[in-house]
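With the hints as your guide, set chain B onto chain A.
Chain residues, written in single-letter form:
Protein chains: 2
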Amino acid sequence: MNLSRSLCRFVSITRKHLGRNLLLKGFPLSPAMAREGSTLQRDTGDEFLKEAFKIVMEEAVQNATDRNHKVCEWMEPEDLKRVLDLNLRSEGEPQDVLLGYCKDIIRLSVKTGHPRFFNQQFSGLDRHALTGRIISEALNTSQYTYEVAPVFVLMEDEVLRTMRSFVGWKAGDGIFCPGGSISNMCALNLARFQRFPQCKEKGLHALPRLVVFTSQESHYSIQKGAAFLGIGTDNVILVKTNDRGKMIPEDLDHKIQKVKSEGSVPFLVSTTCGTTVFGAFDPLEGIADVCERHSLWLHVDAAWGGSALLSSRHRHLLKGIERADSVTWNPHKLLGVGLQCSAFLLRDTTQLLERCHAANATYLFQTDKFYNLQYDTGDKSIQCGRRVDCLKLWLMWKALGSKGLETRVDRVLDHTRYLVEEMKRREGFRLIMEPEFVNLCFWYVPPSLRNKENSPDFWTRLGKVAPVIKERMMKKGSMMVGYQPHGNMVNFFRQIVVNPEVTKEDLDFFLDEIERLAEDL
Amino acid sequence: MNLSRSLCRFVSITRKHLGRNLLLKGFPLSPAMAREGSTLQRDTGDEFLKEAFKIVMEEAVQNATDRNHKVCEWMEPEDLKRVLDLNLRSEGEPQDVLLGYCKDIIRLSVKTGHPRFFNQQFSGLDRHALTGRIISEALNTSQYTYEVAPVFVLMEDEVLRTMRSFVGWKAGDGIFCPGGSISNMCALNLARFQRFPQCKEKGLHALPRLVVFTSQESHYSIQKGAAFLGIGTDNVILVKTNDRGKMIPEDLDHKIQKVKSEGSVPFLVSTTCGTTVFGAFDPLEGIADVCERHSLWLHVDAAWGGSALLSSRHRHLLKGIERADSVTWNPHKLLGVGLQCSAFLLRDTTQLLERCHAANATYLFQTDKFYNLQYDTGDKSIQCGRRVDCLKLWLMWKALGSKGLETRVDRVLDHTRYLVEEMKRREGFRLIMEPEFVNLCFWYVPPSLRNKENSPDFWTRLGKVAPVIKERMMKKGSMMVGYQPHGNMVNFFRQIVVNPEVTKEDLDFFLDEIERLAEDL
Chain A
22 MNLSRSLCRF VSITRKHLGR NLLLKGFPLS PAMAREGSTL QRDTGDEFLK EAFKIVMEEA
82 VQNATDRNHK VCEWMEPEDL KRVLDLNLRS EGEPQDVLLG YCKDIIRLSV KTGHPRFFNQ
142 QFSGLDRHAL TGRIISEALN TSQYTYEVAP VFVLMEDEVL RTMRSFVGWK AGDGIFCPGG
202 SISNMCALNL ARFQRFPQCK EKGLHALPRL VVFTSQESHY SIQKGAAFLG IGTDNVILVK
262 TNDRGKMIPE DLDHKIQKVK SEGSVPFLVS TTCGTTVFGA FDPLEGIADV CERHSLWLHV
322 DAAWGGSALL SSRHRHLLKG IERADSVTWN PHKLLGVGLQ CSAFLLRDTT QLLERCHAAN
382 ATYLFQTDKF YNLQYDTGDK SIQCGRRVDC LKLWLMWKAL GSKGLETRVD RVLDHTRYLV
442 EEMKRREGFR LIMEPEFVNL CFWYVPPSLR NKENSPDFWT RLGKVAPVIK ERMMKKGSMM
502 VGYQPHGNMV NFFRQIVVNP EVTKEDLDFF LDEIERLAED L
Chain B
22 MNLSRSLCRF VSITRKHLGR NLLLKGFPLS PAMAREGSTL QRDTGDEFLK EAFKIVMEEA
82 VQNATDRNHK VCEWMEPEDL KRVLDLNLRS EGEPQDVLLG YCKDIIRLSV KTGHPRFFNQ
142 QFSGLDRHAL TGRIISEALN TSQYTYEVAP VFVLMEDEVL RTMRSFVGWK AGDGIFCPGG
202 SISNMCALNL ARFQRFPQCK EKGLHALPRL VVFTSQESHY SIQKGAAFLG IGTDNVILVK
262 TNDRGKMIPE DLDHKIQKVK SEGSVPFLVS TTCGTTVFGA FDPLEGIADV CERHSLWLHV
322 DAAWGGSALL SSRHRHLLKG IERADSVTWN PHKLLGVGLQ CSAFLLRDTT QLLERCHAAN
382 ATYLFQTDKF YNLQYDTGDK SIQCGRRVDC LKLWLMWKAL GSKGLETRVD RVLDHTRYLV
442 EEMKRREGFR LIMEPEFVNL CFWYVPPSLR NKENSPDFWT RLGKVAPVIK ERMMKKGSMM
502 VGYQPHGNMV NFFRQIVVNP EVTKEDLDFF LDEIERLAED L
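The listed protein sequences derive, respectively, from chains A and B. Anchor point for the first sequence: position 398 equals 419 in the working numbering, and the numbering is continuous, going up by one each time. Anchor point for the second sequence: position 122 equals 143 in the working numbering, and the numbering is continuous, going up by one each time.
Isolated chain A (complex conformation):
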């Protein structure tokens, strides 16, 4: 470790720079300026950054995705507080201590890129995407004007255009939002604005009761959005789903009629392509018919399932999506480009997005600029400063091509299929349903509960199994997978395989490990 040598260099460089600064002639150096010191200096900082990047490369990239290393290093919150010196104090700390913090932070964090992290709807660590993210961070600009983000204004436009073409639209609009929840909220806002443009100025107070429809399996952001946008969660009508978690168009139609008959005004149906728990796809064609009949905005929350559009084998899951008015699609989920990358896509070509969101701030969106103002796209957003979320996806897409992305999607579905077949062959694994997509929901029936389904406490006892297995896997650090109760179903696992580095051996390991962790249960 040549850290101590580096640190000696830090000190000497610092002294030199400080000296040079002090010598600048005629400079009225305030005490504040004189105090500045080591941490400001470029060269010192660059050395630190290079040392830190080595640590990142070794610990957060290589080891963090290596099967010989743990997925997580479990520690109780109170213990973790004792181990980490989180306190922020008056004095700065030396470079070697800071590098130590970096190592500790990485070591004690969950390795979401690990091939045995199956816990969330994202995993993996695509090196091209990570490169795009590091460049975005280093350039640190805001995606609001061509003036400060020329490359990224054009790039966002190109990425959104390409994504729209996979939806099936030749034209349209869109914007990257900070996450799928906010994309979905934008859909609510646009649909409301299209129906009642006066809402922007007058607010909801002057309007009739507005109602939105979504399925009982939809993502909670529709509820959060209805609350945030002043619509109210009571005005989100939950449409029934069939036994596979898909919205029933007839029930939708029925509920729309009922709401209308009560004098309220339906304005949007939010469908889901890839529900959070079951990965179900709502039948878009049937729902689009209902929306057309009632002149309702059709939104498709394809945050999770949208990436299936890239696969000629699987895009049938989203049949009819081109009839939507708006689509949420998060490449940070299945495609693993890194949080956050959420595209909000629109079929509209009448500048609805900008008309709905614009505030025309003269200090950003001057009208007498020397270039074409159509490239100042920031006023389409509800944000002011907005991160560059397009580069990471663009660079990964350039590296893989649409075909490479398709391969990844197909591979994920192949892996799910493999797991299903294996589970059927093994005792103890009990599928909730045949998966339609990546979400593989199952109970694990441990040895003591097998063939006891008729005992009165079977389900109560089964419901306690998943939390115990989860606790054991996390304390061991061998893998991570999520579980939840759902409706009247007791706790079951939801297995998600999206990491492109996953192999069949990892899937076998997953099944074996569940068996091992539960062998005494």
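Simulated from the structure, these hints should not be mistaken for laboratory data. Backbone N, C-alpha and C fix where the C-beta goes; we use that ideal spot for every residue, glycine too. Do not rely on the hints blindly, as some may be mistaken.
Computed from the model, here is a short list of chain A residues facing chain B with C-beta under 8 Å [said to hold, decoys possible]:
id	residue
1	122
2	123
3	124
4	218
5	405
6	418
7	447
Chain B alone, transformed into the frame defined by chain A:
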């Protein structure tokens, strides 16, 4: 350049890996899996990442902050489109081509970390903060549960606690939001929920007309928020400001009384500490008195000015902030930790934030987890997946200490003061007002317009000066500074010096360069 050697290694590694994959015995290899190929492979990707990091280090960190390099490389949108191959295609592209793209992207982007970038309320490239950002990107987790973000849940809590202590609160709550606009929207939502808890379920339809107050100098996010939250921009009452851009408490009191007399319900006053154009600070004590008298929620949008709290010399600007109910404070602005880092801080200790925003999704926030559930903080947010925004600030704070941050703030204010004095000594620079904070607003009167203030077209002609100077500086790439018209004032420059690397020589350069660029005007 050893790129070609690296590329040879890419190819051989790729072949080796592909071979090994194909040989995995018993694996039902689908065509999709067989097609995978080069871009997935770990070692190849790691080589690419290392090469890319070298480029980032040299081009986006060192050269991008070097005075011998340009601030921007201006190109018309249509020209830039021709230069950059932005198209996304079916086939992936080779590693060397991708590295070339990375270089082009950096070269053609604006260097916001450059010591002569004065265009936005952020600048500089703190190496410790950048390290924190790169680690956050590599670990790629979501800040919603202790399960997947143990370190960052505790760290966010500590950073918010420390920020609250600078506000003057011993207890409270808070969360990082994707930007100040959304933080301000959260303030609107919380104030509304506190006053009318039923709004979450019932919506605004069932409520009286709600009204918020803010000054005419406030940020446009209050308008965007009112539109988005269904309150309506007409229900944002703009309070008058004095000649320094500060809200007049008497006018606020008067307008509140008027709104009440009309039967509407005021519920929030949004003050600003550091307005966008003038950098003005509203008089919080006087406004807090008015809010107390009328039982209104006091929000302080200190996105820009909040960092002055760190300075014992300058925190008087925010006198009375401890009386606020909520505060927005963006360390990504003055402290330069990188977009985005926006803290929404609350005085409340009754879990108002969680009660207002929670949706209690069972698949994330299981109630039978094996650890203390108070550490699953994600339901406080309107987002679901949420980026880790605390680490970059935490690491920079650890490096500099509160004292080091104070020094930076003081230095920024010293620089502004230096510029003011220099402008007074030079012909042509005409201050709009003595700055209270960092924003230094001025007209530059070029030689042809000097001593012609009484001519009828003076102001019209003066208004055309700033856009021309701006165009020239961008085409030359020498520096960047923003301008805008404001109220009845024609275009003027708003100079912002926040980059900690700026020296007196940069400030002299700035003044000289304006003179040079306008010498024929």
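Status of the hint placing residue 418(A) at chain B (closest C-beta pair under 8 Å): holds (5 Å)
Hint validity - residue 405(A) Cβ closer than 8 Å to any chain B Cβ: holds (5 Å)
Restraint satisfaction for residue 124(A) [CB to CB of chain B, less than 8 Å]: violated (10 Å)
Supplied contact hint for residue 123(A), tested at 8 Å Cβ to chain B: Holds: closest Cβ of chain B sits about 6 Å from residue 123(A), inside 8 Å.
Interface hint status, residue 122(A) versus chain B (Cβ within 8 Å): At 7 Å from the nearest chain B Cβ, residue 122(A) passes the 8 Å test, so the hint holds.
When the least beta-carbon distance from residue 447(A) to chain B is tested against 8 Å, hint result: With a closest approach of 16 Å, the residue 447(A) hint is violated.
Cut-off 8 Å, beta-carbon criterion: hint that residue 218(A) touches chain B: violated (11 Å)
When each numbered hint is compared with the structure, violations occur for hints 3, 4 and 7.
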